[in-house]
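There are 2 protein chains.
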Amino acid sequence: MAIEPRQTPIRVSCYDCPLRQMKRFRPFTEAELEFVATFKRGELVADPGTTVLVEGSRSAHLYTVLSGWGFRYKILEDGRRQILNYLVPGDMIGLQGAVMAEMQHSVEALTPMTLCVFERSRLFSLFEHHAGLGFDLTWLAAREESILDEHLLSIGRRSALERSSYLLAFLFHRGANAGILGDNHRYIPVTQMHFADTLGLSIVHTNKTLKKLADRGLIRWRDRGCDILDPQGLQALAGWMPAEQPARPFI
Amino acid sequence: MAIEPRQTPIRVSCYDCPLRQMKRFRPFTEAELEFVATFKRGELVADPGTTVLVEGSRSAHLYTVLSGWGFRYKILEDGRRQILNYLVPGDMIGLQGAVMAEMQHSVEALTPMTLCVFERSRLFSLFEHHAGLGFDLTWLAAREESILDEHLLSIGRRSALERSSYLLAFLFHRGANAGILGDNHRYIPVTQMHFADTLGLSIVHTNKTLKKLADRGLIRWRDRGCDILDPQGLQALAGWMPAEQPARPFI
DNA sequence: CGGGCTCTTGATACGTGTCAATGTTGGTGG
DNA sequence: CCACCAACATTGACACGTATCAAGAGCCCG
Chain A
1435 MAIEPRQTPI RVSCYDCPLR QMKRFRPFTE AELEFVATFK RGELVADPGT TVLVEGSRSA
1495 HLYTVLSGWG FRYKILEDGR RQILNYLVPG DMIGLQGAVM AEMQHSVEAL TPMTLCVFER
1555 SRLFSLFEHH AGLGFDLTWL AAREESILDE HLLSIGRRSA LERSSYLLAF LFHRGANAGI
1615 LGDNHRYIPV TQMHFADTLG LSIVHTNKTL KKLADRGLIR WRDRGCDILD PQGLQALAGW
1675 MPAEQPARPF I
Chain G
1435 MAIEPRQTPI RVSCYDCPLR QMKRFRPFTE AELEFVATFK RGELVADPGT TVLVEGSRSA
1495 HLYTVLSGWG FRYKILEDGR RQILNYLVPG DMIGLQGAVM AEMQHSVEAL TPMTLCVFER
1555 SRLFSLFEHH AGLGFDLTWL AAREESILDE HLLSIGRRSA LERSSYLLAF LFHRGANAGI
1615 LGDNHRYIPV TQMHFADTLG LSIVHTNKTL KKLADRGLIR WRDRGCDILD PQGLQALAGW
1675 MPAEQPARPF I
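Quick mapping for you: the protein sequence lines, in order, are chains A and G.
Under the working numbering, the first residue of the first sequence is numbered 1435, with each subsequent residue one higher.
Under the working numbering, the first residue of the second sequence is numbered 1435, with each subsequent residue one higher.
Be a bit skeptical, because a hint or two may be false.
Copies of the same chain look alike in the list, so a pair counts if it works inside one copy or between any two.
Taking lysine-lysine and the DSBU-like style, the derived pairs with C-alpha atoms no more than 30 Å apart in a straight line are [claimed, not checked]:
#, residue 1, residue 2
1, K1457, K1474
2, K1646, K1508
3, K1474, K1642
4, K1646, K1474
5, K1645, K1474
6, K1646, K1457
7, K1508, K1642
8, K1457, K1645
9, K1474, K1508
10, K1642, K1457
11, K1645, K1508
I should point out that these hints are in silico values taken from the structure, not numbers from a laboratory.
Could you put together the complete structure from these sequences and hints?
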């Protein structure tokens, strides 16, 4: 994989961050915005398929997803891979590094992806000077935890068909909230291999299961990803409802 | 289940909290200790098998485990249950409630259990006045996330035997760190049904799998729980190593 | 003494994994 | 422009792991 993620100078200023202007994020105070602007160190640009962060490395940075889809994963020594969660704009990466000595998971880009790079050494000063931002970080971590809880329930106790439906409904929900679905298409850039590695299933059985969903008209496969045709139907089949939550923070 | 958890007045003062004195927790400043003491509202005492917190409820409190074993879980409508993680002294419960409108999981006691009860409404003032404590909360949330990552990997990609070994090694590690294992016994108060619901396996198959581990001399079953005889062996079988982490915080 | 739990074990059914082969698509280089 | 290759999707046959069903034993507690 010759293509490496490139760290570039700042091209998107926090002051006119396109994400921040979206209504689903809580607004910043002037002081907070100013702090975040000095907190930001650069940008990381990654092409699809690129590994952005590697398990076991020690990163001096924190990241926020500015654009694109990605995912977090872990692998066992013999190569078995488990995808843990997906990343959409507004998500934060690398908080675990403030706790553990090394990264405990890797990150890969699904689409072209841009990350904001922050200096981890200044993390504590964020807590010191901007309690609201500190609270937001905890908020984000707690929400990630809540998502992982649902994934665990799903992998542990749902059948292959229910699991698949849940994951599709979940991705639709995340993508829609992040505003990256394209109104008519509702396209999700996840291959069946990614599905398999998320669901804890083999690729073959994943294919057969997804086919059932396609036959029922819930999804349609195209261009190495899939269109969500009937999110409600998927939710019903999975027996899942997205939990309500207040306006989310964004750093 | 006639037995309800009882909220009692404070019996253990934060100033002479038995947990805080253990060396694995980071020390508090005077000011922090003072704040936490006023933050604490009471104690919750629960007998084994008692449901301490219920999914879907709106709790005005946060909790820290003071003594005993417990676990977090979710259930599907038809009763299928998934245990998400176990609770030992020093763990915090209910941070998710600061984010989601309702509790997203339930909590049950495995042994007699005591929880410290904190006022959620004062959570923000914790961030405002004690950046260090705010940071600690994020720390705890990030560590929980990291544990859930490992569970996901395990359930999704490990075989029944590997999974069981991982869980046993994991529980041993957590119990040992929390100092609740009893040096010679290394007893873990978890029934095979709990194991099954954690591993995403049926109770019958869990039994057969655990028996293999017992036959190999890695564990021994007794008194509705099990003794960990060979934690190293379990780790090796699972292909798992606990991640190194600095002194943990405790609130 | 009886009634729950929990643990145990064997027989059988079923869901999912593995193997193997084919089709499709998009990109690359001659 | 075409040949080729790599990655992904698809399908069928078969093997294996795990679930389900059923029955019984040990234990604690009322």
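- prompt: Using 30 Å as the alpha-carbon threshold, which applies to K1646 and K1474: within, between, both, or neither?
  reply: Answer is neither: 46 Å inside a copy and 53 Å across each miss the 30 Å cutoff.
- request: Check K1646 against K1508 for me: Cα-Cα at most 30 Å, and say if that holds within a copy, between copies, both or neither.
  value: both (28 Å within a copy, 27 Å between copies)
query: 30 Å Cα cut-off: does K1474 pair with K1642 within a copy, between copies, both or neither?
result: neither (45 Å within a copy, 53 Å between copies)
message: Reference check for the pair K1474 and K1508, CA-CA at most 30 Å: within, between, both, or neither?
response: Answer is within: at 27 Å inside a copy they meet the 30 Å cutoff, but 38 Å across does not.
field: Within, between, both or neither: K1642, K1457 at alpha-carbon 30 Å
entry: neither (39 Å within a copy, 53 Å between copies)
query: Are the CA atoms of K1457 and K1474 at most 30 Å apart within a copy, between copies, both, or neither?
result: within (22 Å within a copy, 36 Å between copies)
- request: Classify it for me, K1645 with K1474: is the Cα-Cα distance of at most 30 Å met within a copy, between copies, both or neither?
  value: neither (44 Å within a copy, 54 Å between copies)
- request: Check K1645 against K1508 for me: Cα-Cα at most 30 Å, and say if that holds within a copy, between copies, both or neither.
  value: both (27 Å within a copy, 29 Å between copies)
- request: Classify it for me, K1457 with K1645: is the Cα-Cα distance of at most 30 Å met within a copy, between copies, both or neither?
  value: neither (37 Å within a copy, 55 Å between copies)
Intra- versus inter-subunit Cα pairing at 30 Å for K1508 with K1642: Both. Shortest intra-copy (25 Å) and inter-copy (28 Å) distances satisfy the 30 Å Cα cut-off.
task: Since the copies are identical, ignore which copy is meant and state whether K1646 and K1457 lie within 30 Å (CA to CA) inside a copy, between copies, both or neither.
output: neither (37 Å within a copy, 55 Å between copies)
Violated hints for the displayed structure, listed by number in ascending order: 3, 4, 5, 6, 8 and 10.
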